[in-house]
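Undergrad: Protein chains in written order, with our numbering: chain L, 798 to 1052; chain Y, 33 to 260.
Errors might be hidden in some of the hints.
One side of the interface only, derived from the structure: several residues of chain Y facing chain L at Cβ under 7 angstroms [what the hints assert, rightly or not]:
#1 199
#2 212
#3 213
#4 253
Stretches of chain L that chain Y covers, calculated by requiring three or more beta carbons in the stretch to come under 8 angstroms of a beta carbon on chain Y [said to hold, decoys possible]:
#5 885-893
#6 945-952
#7 961-972
Calculated from the structure, these hints are not laboratory results. Where a beta carbon is used, it is the ideal one built from N, C-alpha and C, also for glycine.
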Amino acid sequence: MANWVPLWLHRLGSPPIFYRFAGAVYPWALGLALILAGVALYGGLFVAPADYQQGDAYRIIFIHVPSAWMSLFIYGVMALAAFIGLVWRIKLAETVAMESAPIGAAFTAITLATGSLWGKPMWGTWWTWDARLTSELVLLFIYLGIIGLYHAFEDRRQGARAAAFLVLIGAVNVPIVHFSVNWWNTLHQGSTIRLLGPSHIVASMLWPLLTMMAATKCYYIASLFARVRADLIASEGGKAWVREIALGSAKEGKA
Amino acid sequence: MTPGSTPAACAALLRRDLTLAWRRRGDIALPVLYAVIVVTLFPFALGPEPALLARIAGGVVFVTVLLAMLLSLDGLFRPDIDDGSMEQLMLAPQPLALLVAMKILAHWVTTALPLIVITPVLASMLHLPPAAMPALVLALALATPLLSLLGAVLVALTAGAKRSGMLLALMLLPLCVPVVIFAAGAVAAAQDGLPWSAPIAWLGAGLALAIVLAPLACAAALRIAMDS
């Protein structure tokens, strides 16, 4: 086993190295996200056939389902980063956890909004107190509570630690959202895509969905890295490496 | 000076908190008055039709109790942090989780117990059938300690923040959803004459888990909040 993998990971925990790494990855992730989203939208809106039951209205799943996945995935990443930040006191992990929260909240809000847009023609109602919908709404509230707690402290790191704790407490809700359609047999349809075994969805509908999923992942990486870079500049303002970057870009601006 | 034994320290802390609460008896009455006023607002808002009120009685009582407890939670650690006794508790040789558990117990006795005593009256004001009353009281007896324990963890998290009133509601209410669902579910089942032991058992399981975990989490959260 090569020694450079753990070494590289340890080095990445250092703010200046992560700043440069994130700066290098950011344009690629954003570009990939835009291309994949374009391909997926084309595939979903033009190539995929209309559903035999739902007609064209089902096409909203190409936004709705990847957003729903991301709302849970980001919470998972956030919980992992929060745990690392609380246990090993790594400043970067706290930053990653706290800067993930607004992105996750946005994806949750998109999920709820597109779900209600889809629900109106399909179920005849914008909102119903179904287990999946309710637990997703609670997830949004938890995200908002985490963001609120983080900003309630004057000391940034103290706020991050308290909010990271709340992240871990709120993690109870994630399995509830995930399994709610299996545990309570309510209005929301079950999952049709299986990680193991064949999916219950036709291939021409599946590939745009998976492409969109990859696009949202890339977008998350790009957005997170941009936010973390901004946060590092703000919180490490007095450090020498930030001054170097600031002076360097000032010189570039003059030239 | 040798440190006192852990049980003695817990008993002393419990006695101190209860004495402090008893010296300010008016504060104990406030959540009860709040609950009475909120419950009386419902017939004014919805109309005094007994069938309608009986159907919503269980849910209204639970939400009212939850809100009343939420209002009182802010005072759980705030006075101790302000006068410095929280630092002394953290420096004490006894485990902080146990001492915090005593503070939560004292808070539950002074806030939730009067609410549980008053709820049969509130429920009959809303025409809840007497057959559902045991379910209501039992569900409250299990749900209110759960709310106290959950709330204490979140209050501890906000202890270091300057303003926390609304924030506490934003953080606590989503986590209280399962408690409200099971507690109100038990009352609704009893009202319909169905067996209501299953939701009560879920509340009991949640309470057992919270009694073990919440004081530990609360102690950890207090250490985060005070460490500045």
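Undergrad: Hints first: check each against the structure and report whether it holds.
TA: The hints, checked one at a time:
{"no.": "1", "hint": "199", "result": "holds, 5 angstroms"}
{"no.": "2", "hint": "212", "result": "violated, 11 angstroms"}
{"no.": "3", "hint": "213", "result": "violated, 9 angstroms"}
{"no.": "4", "hint": "253", "result": "holds, 6 angstroms"}
{"no.": "5", "hint": "885-893", "result": "violated (count 0)"}
{"no.": "6", "hint": "945-952", "result": "holds (count 6)"}
{"no.": "7", "hint": "961-972", "result": "holds (count 6)"}
Checked against the numbered hints given earlier, the structure breaks hints 2, 3 and 5 and satisfies all the rest.
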